Structures are given as structure tokens and as C-alpha cells.
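**Q** Residues per chain, in single letters:
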Amino acid sequence: MVDVAAVTSTWDAVREQGPLVQCLTNIVVAPFTANVLLAVGAAPAMVDVPQEAGAFAGIASAVLVNLGTPYEATHGPMLEAARAAVFAGTPWVLDPVAVGALPVRTALARQLLEIGPTVVRANASEVLGLAGLGEGGRGVDAHDQAEAALPAAQDLLSWGVGAVAVSAAIDVIVADDRCVRLSGGAELMTRVTGVGCALGALVAAACAVTEDPLLAAVTATAGLCAAAELAQDAARGPGSFAVHLLDELALLDGDGLASHVRLSNGQAQARERPWLG
Amino acid sequence: MVDVAAVTSTWDAVREQGPLVQCLTNIVVAPFTANVLLAVGAAPAMVDVPQEAGAFAGIASAVLVNLGTPYEATHGPMLEAARAAVFAGTPWVLDPVAVGALPVRTALARQLLEIGPTVVRANASEVLGLAGLGEGGRGVDAHDQAEAALPAAQDLLSWGVGAVAVSAAIDVIVADDRCVRLSGGAELMTRVTGVGCALGALVAAACAVTEDPLLAAVTATAGLCAAAELAQDAARGPGSFAVHLLDELALLDGDGLASHVRLSNGQAQARERPWLG
Amino acid sequence: MVDVAAVTSTWDAVREQGPLVQCLTNIVVAPFTANVLLAVGAAPAMVDVPQEAGAFAGIASAVLVNLGTPYEATHGPMLEAARAAVFAGTPWVLDPVAVGALPVRTALARQLLEIGPTVVRANASEVLGLAGLGEGGRGVDAHDQAEAALPAAQDLLSWGVGAVAVSAAIDVIVADDRCVRLSGGAELMTRVTGVGCALGALVAAACAVTEDPLLAAVTATAGLCAAAELAQDAARGPGSFAVHLLDELALLDGDGLASHVRLSNGQAQARERPWLG
Numbered sequence: 001m002v003d004v005a006a007v008t009s010t011w012d013a014v015r016e017q018g019p020l021v022q023c024l025t026n027i028v029v030a031p032f033t034a035n036v037l038l039a040v041g042a043a044p045a046m047v048d049v050p051q052e053a054g055a056f057a058g059i060a061s062a063v064l065v066n067l068g069t070p071y072e073a074t075h076g077p078m079l080e081a082a083r084a085a086v087f088a089g090t091p092w093v094l095d096p097v098a099v100g101a102l103p104v105r106t107a108l109a110r111q112l113l114e115i116g117p118t119v120v121r122a123n124a125s126e127v128l129g130l131a132g133l134g135e136g137g138r139g140v141d142a143h144d145q146a147e148a149a150l151p152a153a154q155d156l157l158s159w160g161v162g163a164v165a166v167s168a169a170i171d172v173i174v175a176d177d178r179c180v181r182l183s184g185g186a187e188l189m190t191r192v193t194g195v196g197c198a199l200g201a202l203v204a205a206a207c208a209v210t211e212d213p214l215l216a217a218v219t220a221t222a223g224l225c226a227a228a229e230l231a232q233d234a235a236r237g238p239g240s241f242a243v244h245l246l247d248e249l250a251l252l253d254g255d256g257l258a259s260h261v262r263l264s265n266g267q268a269q270a271r272e273r274p275w276l277g
Numbered sequence: 278m279v280d281v282a283a284v285t286s287t288w289d290a291v292r293e294q295g296p297l298v299q300c301l302t303n304i305v306v307a308p309f310t311a312n313v314l315l316a317v318g319a320a321p322a323m324v325d326v327p328q329e330a331g332a333f334a335g336i337a338s339a340v341l342v343n344l345g346t347p348y349e350a351t352h353g354p355m356l357e358a359a360r361a362a363v364f365a366g367t368p369w370v371l372d373p374v375a376v377g378a379l380p381v382r383t384a385l386a387r388q389l390l391e392i393g394p395t396v397v398r399a400n401a402s403e404v405l406g407l408a409g410l411g412e413g414g415r416g417v418d419a420h421d422q423a424e425a426a427l428p429a430a431q432d433l434l435s436w437g438v439g440a441v442a443v444s445a446a447i448d449v450i451v452a453d454d455r456c457v458r459l460s461g462g463a464e465l466m467t468r469v470t471g472v473g474c475a476l477g478a479l480v481a482a483a484c485a486v487t488e489d490p491l492l493a494a495v496t497a498t499a500g501l502c503a504a505a506e507l508a509q510d511a512a513r514g515p516g517s518f519a520v521h522l523l524d525e526l527a528l529l530d531g532d533g534l535a536s537h538v539r540l541s542n543g544q545a546q547a548r549e550r551p552w553l554g
Numbered sequence: 555m556v557d558v559a560a561v562t563s564t565w566d567a568v569r570e571q572g573p574l575v576q577c578l579t580n581i582v583v584a585p586f587t588a589n590v591l592l593a594v595g596a597a598p599a600m601v602d603v604p605q606e607a608g609a610f611a612g613i614a615s616a617v618l619v620n621l622g623t624p625y626e627a628t629h630g631p632m633l634e635a636a637r638a639a640v641f642a643g644t645p646w647v648l649d650p651v652a653v654g655a656l657p658v659r660t661a662l663a664r665q666l667l668e669i670g671p672t673v674v675r676a677n678a679s680e681v682l683g684l685a686g687l688g689e690g691g692r693g694v695d696a697h698d699q700a701e702a703a704l705p706a707a708q709d710l711l712s713w714g715v716g717a718v719a720v721s722a723a724i725d726v727i728v729a730d731d732r733c734v735r736l737s738g739g740a741e742l743m744t745r746v747t748g749v750g751c752a753l754g755a756l757v758a759a760a761c762a763v764t765e766d767p768l769l770a771a772v773t774a775t776a777g778l779c780a781a782a783e784l785a786q787d788a789a790r791g792p793g794s795f796a797v798h799l800l801d802e803l804a805l806l807d808g809d810g811l812a813s814h815v816r817l818s819n820g821q822a823q824a825r826e827r828p829w830l831g
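Residue numbers (my numbering), protein chains in the order written: chain A, 1 to 277; chain B, 278 to 554; chain C, 555 to 831.
Chain A on its own, in the form it takes in the complex:
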């Protein structure tokens, strides 16, 4: 069970503790990711070169590995940072962008998966691709796509991942025998590059302040969706939405978040008609 009070206090804990989040991420979203982390009070550090990546993972509060532009020079640092995070007991999040459809990142993601991410944050087709059950959304209907990825998410859990957050119109986050569904958010989230990737970074930040990876993923998702709802109300289009989103993330505290959280607890195993979960 995850309740709203746990979510709002975890959100406030990020603001109060200001975790240091090491990001190994892609060239498209690096600026927005850093700004989202700064907005919620966290401290981003993009440390992704050999030797430094592992050393830094030992002192960071959490680590994000995002495979959006997986240049060969970054493969080593990503593996190094993930291993150092595990060695140091630092939580780390894997965001397997476009895994399944593309060969280089899919092979790299499998190597990273073996190291044991605390949380995998992805859309449905990426979860299927990471589990080896799909190739980038093939056959997955848009309406129920998060639900269609639940068997694959369960596989990832059985391989040692702490929690899997499947992003969709209704987000589904699973861990052990728990499953939380979150509705909310805003259509404009899909019209700004890097919103999903920023969620991965927020999950990492939340992992730094709670031992429960499910709670971390739910908190990050709920906070981002709440800020997005507020931002969309004030936006004319995607440009102003992105600006408002950063402002709202900075203004949103636990009390403000409380009225926006729409979550339901369920069981991840109820797979036959999971959308009724």
C-alpha cells in the first residue's frame, strides 16, 4: 500500500534534503533534466566520463542512467557508474530509451539490467523491449499499453529490479506484489522533449530519500503530473508549458501536491484483466 501522506512527505523530503543526482543522460534532454532537478531542490551533476563516473557514483545520493544517445564513449562510464552505485548502496535508475527497437542500446541495457537497477522507468514498449518480449511497441495498443507491459515488468522484478514504473496516460508502477496506478498529468507533457526523461531523474532523486523504490517512483510521477496539470492550465502551447512546468515544480510542496494525487493500489498479478485492477 502507498498512501497519499507517504507520497507528499517523500516529495517534501526531496525539497528539504536536496539530493545530489548524478545523471548519465542524452544530449537532447540534459539541460531540461538538470533544470527539473534544480526546480525541485535537488542538485544535478552530469558526470559521465571514464574514471569520474564510478568515483562520483560513490558520493552521489542517486544515479540516473538514460540511454537516449548511447555513444560508445559513454558505455563504459554507464556500466562503471551503475556498478559503483550498487557497491556503495546508492540507488540508481535505468531509463531504457527506445530499447527493443534499436540494437546498440538494447545490448547495453541488458548489461545494465544485470547490475540491478533500483528502478526501471520506461514506457510500455521499452519495458517489453528490455524484458525481451517486444520490439518497440509492436502490437501494443495505445489505450492499454501500460497494462500490456505488466507481464514484462513482472519479469524485470523477478530479475532483481526494485520497482518498474511504466509511463502512460495512466501510469502503472509495480514492485514485489504491489501495484499502483496513477492518473493525471497533461497532454502537453508529450509535446515537450525530455519530460519522460526528467521523470527518470525525479525518480532517482526520490530514491535518495526513501528506501522504498515503489514509493519513490510513485512520488516522482505524482509530483510531475501535478505540476504538469497546473502548468497546462496556464500554458498557450508547448513553449510556455515547459516554462510553467519548471515554475510549478519549484512552487509545489507536499500540501499542494496532496490535492492532485489520484492513485489506486492494486495487485500486480491480476494480469488477466489488469485494467480492472
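None of these hints come from the bench; they were simulated from the model. Here the structure is a predicted model, which means the values were calculated and not measured. Please note that the accuracy of each hint is not assured.
[As the list claims (entries may be wrong)] Computed footprint of chain A on chain C; a stretch qualifies when at least three of its residues, placed anywhere within it, have a C-beta under 8 Å from a C-beta of chain A:
| id | stretch |
| --- | --- |
| 1 | 611-624 |
| 2 | 741-749 |
| 3 | 784-794 |
Don't be surprised by glycine CBs; every beta carbon is placed ideally from N, CA and C.
Dock chains B and C against chain A, hints included.
**A** Chains B and C only, in chain A's frame:
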């Protein structure tokens, strides 16, 4: 001949079809390029690593190759993506940033040119540099610079390029024996990084919805200039201009575009006093 | 002595001369850095590949080397650009991001230091790290951190650096026997990624229009702080602050700057109780 109705229906076709545009571009403009594509309803994908770049070009609707930061690790993927695009019949756009003045990208641009871009989108000095007729604006007067690049643009056409779009205060776009001039736009376009590069991406998106590369380049240029005019009216400076530009791109449909298009059809060969075209 | 009139006329000179600033910088801040330079009327050029980096430094008005993401492929271009700048008499600025705590960039920074930067722009812990006197802020109290770095800054000057700008709540800039302290700025500067890195770029732009590196660093710092104060007054949070900051930088001229400059001249050697300087 290109008429306004063709331009507005092509603009709407991008919004309706949402083409998947693979971008191999530079670290400075990657986020803005992605956001511009998302604003007009296209789907950006920055896939620029070896093996993946070529594979993805086969499924993308269009490909953009931009030479702004031509790291050695990206040369292979750029060539691979361009060749795969040609093999698959996918349109691809070359944006030869700063070619002519700088040796590495000039050599790379020549290799790419031989593969046969659907459209070259560049400023006058880059068109001269790509054709081997200049070195980055030398001797080209600011007032008539697009016109001064027309002989070089004709050379590129004779080598197999489908259309050449020369960006300037008055844009000139040439293909076979056609030449379209477009006025409009806003001074603040030059005060935000990546506006020209985003135009290259929009040309690629438009190439995905029309067989005519001239029409694609005219549509992208007209749409960006119209949105820029609207954005500048609402902006206090370059920061708010960039935000408004994304909003206006998202709000602008073919009907809205119609009243902003100021184009004249001419002949590319009328070179002696081309500004009277 | 630096007086306000010299600062405002240097600020205007940047706007009037529009220096070409070559930036070798990190993937997180490259877009914002380019936009800040464009806002003040300078022309950014991110030229950071081998062969091109050195050639371009010979024609640029100033060069910025920022170590935020020091990929191995960029080490050579950074050294090449710095050496070519010195050879051509072009001013160049070193921004040693996170130097001291991380091994790769610290070794690279020492190599760059030997080439002789015109200005080092950094926070206190980075100045300590660059001088070999600290490891990333260890033991440096936040309140007086710029002052605590003054002995290290003096060491850098004795090794041939033209000026050292230590960024903090109260900025301290030293050169030969001069020391200028600047107060002002806005809390939101720390909530947007790349504001400090953009200051490095502005210092480079100012170095292109004055022979005095101290004056250049003071002018860039004063201008950025003034624009930040104006931007914070209009901002709801970090998203809108970043937008307003670019607008205010573009709107701010020397006259507007004059009323915002709060500087005091002192002696760098007065180290025992430097905060009374």
C-alpha cells in the same frame, strides 16, 4: 510554380501525419530542434550511433543531418543514415553548418553531398562553401547574400540535390528551373540559437509529406517565418521569443498560415539581377 | 581601480562590437550559453573538434574552455584551441567545472592552466582545486567561501593567469594587486542550470573588447547580476526566471546597468580579514 494553397495544405499534412524525423544534429540545438518538431506535430528521434543510425533511417519518415558539432564518432552514423535513407527512398536533408570555413565538416559535407540529399538547407556562405565556391561568406554582401549564392545553389542542383534552400532576410529556394523567394520572419530569429537548424528539421518533416522538395522547403520556411512574426509581436526579447515561437508553431494551422505567406515565383537562372526575380 | 563608468562602457562595447566567441563547453549548458551570448549581441560558435578548434581560435574574438563534460574526444580540441588562442593573442577563459573533486578534468585543467588563461572563472572550491589546495569545497564554509579561495586565486595569478573571478554570493575578482568585490544577483541564479557557465562565456565576450581582464570579468559579472535582479523581480520560479534573464540581458545597456553595479575596490593581499576589504 508554388502557390499558397499548396503550402498551407502541406503544412497541415505535417500536423496530421506526424512524421517521424530522425535527427543527427549538434549538441547546441538538439533540444530546441526536438521541441520545434514536437510543436508542429512531428516526432523527433535523435538516433546517431553506429548501427542504429542506418537501421533507423530505414523506418523514419525523414532524416536530418546537421554538421554543427561534427564529432568523429558521428561521421560514420551520418554517412550510414544518409545512405540508408537513399536506399529506403526516405527523404533526407543536409544542413552544412559553417561549411566552407572549417576543414573537417567541409570534407564530411562533400562526402554527404555525393550521397544525394533531397534538400540542402543553409545560409549563403555555407551554400558557397559546399559548392566549393567560397569560404564562409568571403566577399558576400549581407544585403544580397542569398542571391549571391544562387550560382552555387545551381551547381548543387546539377549534382543531384533535389532543392536548395538559402536562408537570409529574403529566403530563396531553388529546384530544377524553379525559384521561390519568401519574405517575412522576424529579427529575433537571429538572436536565438538553433532557429536556422530547426528550419532544417522542419524541411525534413515537410519532405515526409510531399514528393516535391521545393514545396517542402517553401512550406517549412513559410511556417517558421509566420510563427516567428507572431512570436515577435508578443516578445520582450529573445528569451520570451523562443517560448512564443514554440507556442505559435503549435497553434498555427494552414488557415492561419495563409495570411502570412509572402512568396514570389521566379526563375533560378535569372542571375544577372536576380533580386528583381 | 575599476569604476562604474568603465564597466558600463565595456558592457556597451560588447553590444556594439558583437565579438565572435568560440565555446568548447559541456552538453548541459551549450544551448543556454549560446543564447546568453546572442542576447548580449555576441556571436557564439561551438567549434570543438580536432583541427577545427585550433584554426577557429585564430579567427575568434575570444575563446571559452569549460570542463563540465570533459569527454576524451574533446581534450585535444581544448588544448589545441587554448594554444592557438595564445599564439594569436586571442583572450581565452578557463571555467574548471568541478575541478578538484574529479580526476580527469583536474588533470586536464592543470594542462590548460599551463597554457595561460586570460581569466579563470570558477566558484571557490574549483579555484582551490585548480590551485591544488583543495578538493571541491572541503572545509570551505559557504558564507565566506569566495574569500577563503583568495590565497588560491593569488597562486593562479602568480602562475600567469590574467585575472581570477571567484563566483559566490559576493563575487570576488582579482588581478595583479587589485581586487574587486561585487554584490547583487538573485537567488534564482542557482536554480537554473548553466548560469555560472554562461558567466564564463560573458567574461570571454568582454575580454574581446578590453585589454584588462579584471575589467572584463567585473563587467560580465555586473551585467549578469543586474539582469538577474531584474529577471527575478518578474519571475514566478526558475522556468520564467531563465526566460526573463535572456530578455533582460538583451534589453540591458550601459545606462541601465549603471544603477545596478555595487562594487568595491580593495587589495587582494589583505587576506587576514579579507571580508573587510
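**Q** Hint by hint, say whether it matches the structure.
**A** Hint by hint, here is what the structure shows:
no.	hint	result
1	611-624	holds (count 3)
2	741-749	holds (count 5)
3	784-794	holds (count 6)
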